[in-house]
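S.K.: Protein sequences appear in the order of chains A and B.
Residues in the first sequence are numbered consecutively from 1, following my numbering.
Residues in the second sequence are numbered consecutively from 1, following my numbering.
The set of hints was computed from the structure by calculation and includes no laboratory data.
Don't be surprised by glycine CBs; every beta carbon is placed ideally from N, CA and C.
It cannot be assumed that every hint is accurate.
[Said to hold, decoys possible] Distance ranges between label pairs, derived from CB positions:
1) B:Val-351 to A:Gln-93: 39 to 49 angstroms
2) A:Ile-49 to B:Ala-69: 16 to 26 angstroms
3) A:Arg-221 to B:Leu-244: 42 to 52 angstroms
4) B:Trp-362 to A:Arg-101: 28 to 38 angstroms
5) A:Ile-49 to B:Ser-146: 48 to 58 angstroms
6) A:Asp-179 to B:Val-254: 42 to 52 angstroms
7) B:Glu-141 to A:Asp-187: 17 to 27 angstroms
8) A:Ile-366 to B:Trp-362: 48 to 58 angstroms
9) A:Ile-366 to B:Val-351: 44 to 54 angstroms
10) B:Ser-92 to A:Ala-226: 48 to 58 angstroms
11) B:Gly-134 to A:Ser-120: 41 to 51 angstroms
12) B:Ser-358 to A:Ile-49: 31 to 41 angstroms
13) A:Pro-38 to B:Val-243: 23 to 33 angstroms
14) A:Ile-49 to B:Ser-253: 24 to 34 angstroms
[Unchecked claim] Just a few of them, taken from the derived set where beta-carbon distance is under 10 angstroms, the chain B residues facing chain A:
15) Phe-105
16) Pro-156
17) Arg-159
18) Thr-212
19) Pro-216
20) Gln-283
21) Ala-285
22) Val-294
23) Thr-304
24) Glu-335
[Claimed, not checked] These stretches of chain B come out as covered by chain A in the derived footprint (C-beta under 8 angstroms, 3 or more residues):
25) 35-49
26) 113-125
Next come the chains, spelled out residue by residue.
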Amino acid sequence: MRPGDPSFAVVPEQGSGSAGLRLFGLVYKEALQIIRDPSSIAIAFVLPIILLLLFGYGVSLDAKHVPLGLVVESPSPKTSDFAAALSHSEYFQIDRLSDRRLAVAAMLSGRINGIIVLRSDFARKLYSASGAPIQAIINGTDANTARIISGYVQGAWQTWLIHYGLDHGHSISAPVSVDQRMWFNPDIRSRNFLIPGLIAIIMTLIGTLLTALVVAREWERGTMEALLVTPVRIDEILLGKLIPYFVLGMGGMAISTGMAVWVFGVPFRGSVLALITISSLFMLAALGMGLLISTLARSQFVAGQVAIIIAFLPAFILSGFIFDIASMPAAVQFLTHVIPARYFVAALQSLFLAGTLWQVLFSNSIALAIMALVFLGVTRMRTRKALE
Amino acid sequence: MWRRIWALIIKEFFAIWNDKRSRAVIIVPPLIQLMVFGYAATFDVSHVATAIYNEDRGVAASKLVARFAGSPAFHVVYHLDAQRQIAQKIDSRAVSLVIHIGPTFTRDLLTGRPATIQAIVDGRESNTALIILGYVNQIVENFDQSWSLQTHQPLPPARLVTRYWFNPNLQSRWFIIPGIVALLSMVVTIVVTALTIAREREVGTFEQLLVTPFSPLEILIGKSLPALAIGVSEGTFIILAAVLWFHVPLRGSVGLLYAGLLLYILAVIGIGLMVSSLARTQQQAMLGAFLFVVPAVILSGFATPIANMPHFIQTITLANPMRYFLVVVRGLFLEDLPAKVVLAQLWPMAVIAVLTLSGASWLFRHRTS
Numbered sequence: 001m002r003p004g005d006p007s008f009a010v011v012p013e014q015g016s017g018s019a020g021l022r023l024f025g026l027v028y029k030e031a032l033q034i035i036r037d038p039s040s041i042a043i044a045f046v047l048p049i050i051l052l053l054l055f056g057y058g059v060s061l062d063a064k065h066v067p068l069g070l071v072v073e074s075p076s077p078k079t080s081d082f083a084a085a086l087s088h089s090e091y092f093q094i095d096r097l098s099d100r101r102l103a104v105a106a107m108l109s110g111r112i113n114g115i116i117v118l119r120s121d122f123a124r125k126l127y128s129a130s131g132a133p134i135q136a137i138i139n140g141t142d143a144n145t146a147r148i149i150s151g152y153v154q155g156a157w158q159t160w161l162i163h164y165g166l167d168h169g170h171s172i173s174a175p176v177s178v179d180q181r182m183w184f185n186p187d188i189r190s191r192n193f194l195i196p197g198l199i200a201i202i203m204t205l206i207g208t209l210l211t212a213l214v215v216a217r218e219w220e221r222g223t224m225e226a227l228l229v230t231p232v233r234i235d236e237i238l239l240g241k242l243i244p245y246f247v248l249g250m251g252g253m254a255i256s257t258g259m260a261v262w263v264f265g266v267p268f269r270g271s272v273l274a275l276i277t278i279s280s281l282f283m284l285a286a287l288g289m290g291l292l293i294s295t296l297a298r299s300q301f302v303a304g305q306v307a308i309i310i311a312f313l314p315a316f317i318l319s320g321f322i323f324d325i326a327s328m329p330a331a332v333q334f335l336t337h338v339i340p341a342r343y344f345v346a347a348l349q350s351l352f353l354a355g356t357l358w359q360v361l362f363s364n365s366i367a368l369a370i371m372a373l374v375f376l377g378v379t380r381m382r383t384r385k386a387l388e
Numbered sequence: 001m002w003r004r005i006w007a008l009i010i011k012e013f014f015a016i017w018n019d020k021r022s023r024a025v026i027i028v029p030p031l032i033q034l035m036v037f038g039y040a041a042t043f044d045v046s047h048v049a050t051a052i053y054n055e056d057r058g059v060a061a062s063k064l065v066a067r068f069a070g071s072p073a074f075h076v077v078y079h080l081d082a083q084r085q086i087a088q089k090i091d092s093r094a095v096s097l098v099i100h101i102g103p104t105f106t107r108d109l110l111t112g113r114p115a116t117i118q119a120i121v122d123g124r125e126s127n128t129a130l131i132i133l134g135y136v137n138q139i140v141e142n143f144d145q146s147w148s149l150q151t152h153q154p155l156p157p158a159r160l161v162t163r164y165w166f167n168p169n170l171q172s173r174w175f176i177i178p179g180i181v182a183l184l185s186m187v188v189t190i191v192v193t194a195l196t197i198a199r200e201r202e203v204g205t206f207e208q209l210l211v212t213p214f215s216p217l218e219i220l221i222g223k224s225l226p227a228l229a230i231g232v233s234e235g236t237f238i239i240l241a242a243v244l245w246f247h248v249p250l251r252g253s254v255g256l257l258y259a260g261l262l263l264y265i266l267a268v269i270g271i272g273l274m275v276s277s278l279a280r281t282q283q284q285a286m287l288g289a290f291l292f293v294v295p296a297v298i299l300s301g302f303a304t305p306i307a308n309m310p311h312f313i314q315t316i317t318l319a320n321p322m323r324y325f326l327v328v329v330r331g332l333f334l335e336d337l338p339a340k341v342v343l344a345q346l347w348p349m350a351v352i353a354v355l356t357l358s359g360a361s362w363l364f365r366h367r368t369s
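Using the sequences and the hints given, assemble the complete structure.
M.R.: So this is what it looks like as structure tokens:
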């Protein structure tokens with residue numbers, strides 16, 4: 001470059017050969033920066049490994065060995081039958097308590113999640129018309145866990161009923177029974193649907209944060225302005241930023257997918273080509289969001305804060321990764337449409353668990369492509385404006 | 001000494017407050033997030049898109065279908081008439097649940113043979129799927145009861161009476177919103193503190209500060225108090241919104257709640273300042289903050305219970321201040337947690353605060369560029 005030569009600043013059009021060379025130069029410069037500062041490589045490759053290990057093992061909705069208190073007010077063979085049915089379930093860890101007050105204290109202190117009470121009239125009422133009540137008191141603070149525990153208690157009760165019926169020579173079965181089928185995840189492993197979601201979150205984090213901070217740094221130091229006054233075109237500057245981080249991000253994606261399949265045993269039923277396509281589109285959207293944040297913020301301080309607040313938290317809460325989007329109020333559901341992670345989570349869950357379903361992939365790919373175009377387009381506009 | 005610290009505090013406040021954008025970052029996003037997450041973060045499933053494939057023309061089957069159609073949990077969007085449509089609707093995510101009633105359903109019921117319906121759920125989101133299956137079982141159980149009563153069949157010898165304490169209607173919003181107090185006050189505090197020292201290091205003013213007569217302790221206080229004020233105001237704002245806007249009951253002692261909030265924010269400040277003084281650049285500081293916030297949120301019990309985690313992860317969570325504060329804030333909101341139980345959560349936060357704050361002030365001097 002010859003910054004001293006004024007003719008360079010006023011001649012924007014260059015031959016395509018030199019444009020390619022300039023772009024190569026920019027990518028090369030960015031790649032050198034990445035290699036010299038190993039923290040970027042660490043973010044792209046080491047971060048996904050650590051996060052997936054931590055979250056893959058840490059995030060689970062499968063409750064097992066739930067601590068429950070059991071209060072039997074007057075023990076008899078009938079009550080010990082039921083107590084045995086509870087104790088044999090792998091879902092519970094039964095703590096026998098002598099009276100209700102102790103049980104309530106234990107629940108308040110958080111030692112047990114629920115109390116099962118067999119009242120003193122249990123054995124007598126078994127033969128009455130109304131039936132004997134089995135009281136289940138469950139700590140409802142964590143509503144989701146409470147519901148799961150309640151389902152387990154019900155299961156134990158039904159098992160006991162069937163055995164009770166067999167022992168007394170008459171079958172006690174409900175008139176209608178439900179044959180439950182959980183498609184795509186018959187073993188009900190929450191890991192199988194959480195890990196594809198986690199990959200989407202980790203990739204949001206990496207893609208957005210990397211570019212947000214790097215470009216904001218250039219603005220802060222003034223090197224962005226310096227670049228803008230050279231004959232390099234805005235598209236080339238943006239591409240020069242995008243390409244190296246795209247490569248880094250896709251590397252991280254490959255590592256995450258490999259870990260999901262080989263470390264966590266999540267099935268992968270879709271096609272690899274479809275995965276690469278949708279991941280590329282998502283990477284572009286995430287990088288575009290990062291570029292836009294940094295262009296608007298211009299300082300690392302603000303860019304970093306905004307990246308945490310608008311990239312990570314919505315990806316965690318509004319992407320459908322843990323919380324069901326269809327159950328959210330209409331206004332919030334509407335808002336989820338501008339979260340790239342939402343489309344990526346849906347596509348990944350299908351690709352991993354169900355297969356290459358074009359109905360799902362097509363709409364999500366289109367959405368991600370539009371978001372990438374919008375983010376990159378706005379970034380381009382704002383970058384040009386900044387020069388005026 | 002206090003006049004000097006006061007000057008330092010004023011300066012810190014100005015550093016945050018005078019920058020229009022960083023001021024906006026502290027005020028606007030938490031507001032929006034509280035509203036959005038308050039409504040969005042719920043485990044309650046409603047209006048489940050449902051398809052019904054009913055092959056039976058009998059009365060009992062249409063009665064059962066009417067129960068599904070009448071329940072607010074389900075929204076019947078399709079009536080199917082062929083087996084192959086089931087896969088179509090589930091695969092494309094058009095519905096999350098298909099209820100399949102076979103052709104002999106009413107006949108089986110009337111002749112006392114066990115009648116079965118099939119409930120097919122989309123397992124790509126197992127948690128939602130499990131909740132949906134729970135609702136299906138509930139509806140079928142109610143149907144069974146009224147059927148047994150109508151046809152004078154014997155009832156089971158023992159019945160299960162389930163009560164949910166503290167949150168009788170199992171509204172997960174009551175669980176999530178107190179959690180948001182912990183989440184947002186941590187995010188804002190860490191963001192404010194993690195960059196303070198790194199920014200000054202980058203500009204070079206931190207070295208200047210170190211050659212002034214300020215002792216590390218004074219610098220520590222000067223850096224901590226503004227962040228403490230911001231974090232506690234943030235927490236207070238969300239607590240007020242939880243009570244006044246979302247109508248989450250606040251049953252426990254407000255004094256204990258604030259004791260918890262203060263210790264929690266102090267612990268977070270300590271971590272933020274440590275990250276900030278370890279970092280050479282703002283970028284490293286920001287990444288450090290991120291590397292703390294993300295695992296801290298996910299491994300805190302905010303969304304998934306700590307009890308479900310493997311033991312070694314549970315051990316790691318012991319160093320996470322959010323874990324303790326979540327117990328305090330949720331317990332005091334919903335359960336009127338006894339003081340003894342609250343104290344058991346307070347002292348670990350105090351230990352973390354002391355360790356991280358003293359670590360940070362040691363690093364002020366011993367890590368110079």
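S.K.: A separate judgement is required for each hint: does it hold in the structure or not?
M.R.: How the hints compare with the structure:
The supplied range of 39 to 49 angstroms is broken by Val-351 (chain B) and Gln-93 (chain A), whose beta-carbon atoms lie about 29 angstroms from each other. Under the hint 16 to 26 angstroms, the C-beta atoms of Ile-49 (chain A) and Ala-69 (chain B), about 49 angstroms apart, miss the expected range. Arg-221 (chain A) and Leu-244 (chain B) have their C-beta atoms about 46 angstroms apart, which keeps the hinted 42 to 52 angstroms range intact. In this structure the supplied range 28 to 38 angstroms is violated for Trp-362 (chain B) paired with Arg-101 (chain A), their Cβ-Cβ distance being about 49 angstroms.
Ile-49 (chain A) and Ser-146 (chain B) have their C-beta atoms about 55 angstroms apart, which keeps the hinted 48 to 58 angstroms range intact. Between Asp-179 (chain A) and Val-254 (chain B) the beta carbons are some 51 angstroms apart, a value that agrees with the proposed interval 42 to 52 angstroms. Distance hint check: the CB atoms of Glu-141 (chain B) and Asp-187 (chain A) are about 25 angstroms apart, consistent with the given range 17 to 27 angstroms. Checked against the hint of 48 to 58 angstroms, the pair Ile-366 (chain A) and Trp-362 (chain B) passes, with Cβ atoms roughly 54 angstroms apart.
Remark: the range hint 44 to 54 angstroms for Ile-366 (chain A) to Val-351 (chain B) is upheld by a beta-carbon distance near 52 angstroms. Separation of Ser-92 (chain B) from Ala-226 (chain A) is about 51 angstroms and conforms to the stated range, judged on CB atoms against 48 to 58 angstroms. Between Gly-134 (chain B) and Ser-120 (chain A), the C-beta spacing of about 31 angstroms breaks the proposed range 41 to 51 angstroms. The supplied range of 31 to 41 angstroms is met by Ser-358 (chain B) and Ile-49 (chain A), whose beta-carbon atoms lie about 32 angstroms from each other.
Range check, Pro-38 (chain A) to Val-243 (chain B): about 48 angstroms between beta-carbon atoms, so the 23 to 33 angstroms window is missed. In this structure the hint that Ile-49 (chain A) and Ser-253 (chain B) lie 24 to 34 angstroms apart at CB is violated, the actual value being about 44 angstroms. With a cut of 10 angstroms, the hint placing Phe-105 (chain B) at the interface with chain A holds, because the nearest CB-to-CB distance is about 8 angstroms. Given hint, Pro-156 (chain B) at the interface with chain A, holds; its Cβ is 5 angstroms from that chain's nearest Cβ, closer than 10 angstroms.
Interface restraint check for Arg-159 (chain B): the shortest CB-CB distance to chain A comes to about 5 angstroms, inside 10 angstroms, so the restraint holds. The beta carbon of Thr-212 (chain B) comes no nearer than 23 angstroms to any beta carbon in chain A, farther than 10 angstroms, and the hint placing it at the interface is violated. With a least beta-carbon distance of about 24 angstroms to chain A, the hint placing Pro-216 (chain B) at the interface is violated under the 10 angstroms criterion. For the restraint placing Gln-283 (chain B) at the interface with chain A, the shortest Cβ-Cβ distance is roughly 5 angstroms, inside the 10 angstroms limit, so the hint holds.
For Ala-285 (chain B), the interface hint holds, since its Cβ comes within 10 angstroms of a Cβ in chain A; the closest pair sits about 8 angstroms apart. For Val-294 (chain B), the suggested interface contact is upheld, since its CB lies about 7 angstroms from the closest CB of chain A, less than 10 angstroms. Here the hint on Thr-304 (chain B) is kept, as its CB sits about 5 angstroms from the closest CB of chain A, short of 10 angstroms. A least Cβ separation of about 6 angstroms between Glu-335 (chain B) and chain A falls short of the 10 angstroms threshold, and the interface hint therefore holds.
Three residues within the 8 angstroms Cβ limit are the bar, and the region 35-49 of chain B against chain A gives 13, so the coverage statement holds. Given a C-beta distance limit of less than 8 angstroms, the hint that chain A covers the region 113-125 of chain B holds, as 12 residues qualify and 3 suffice.
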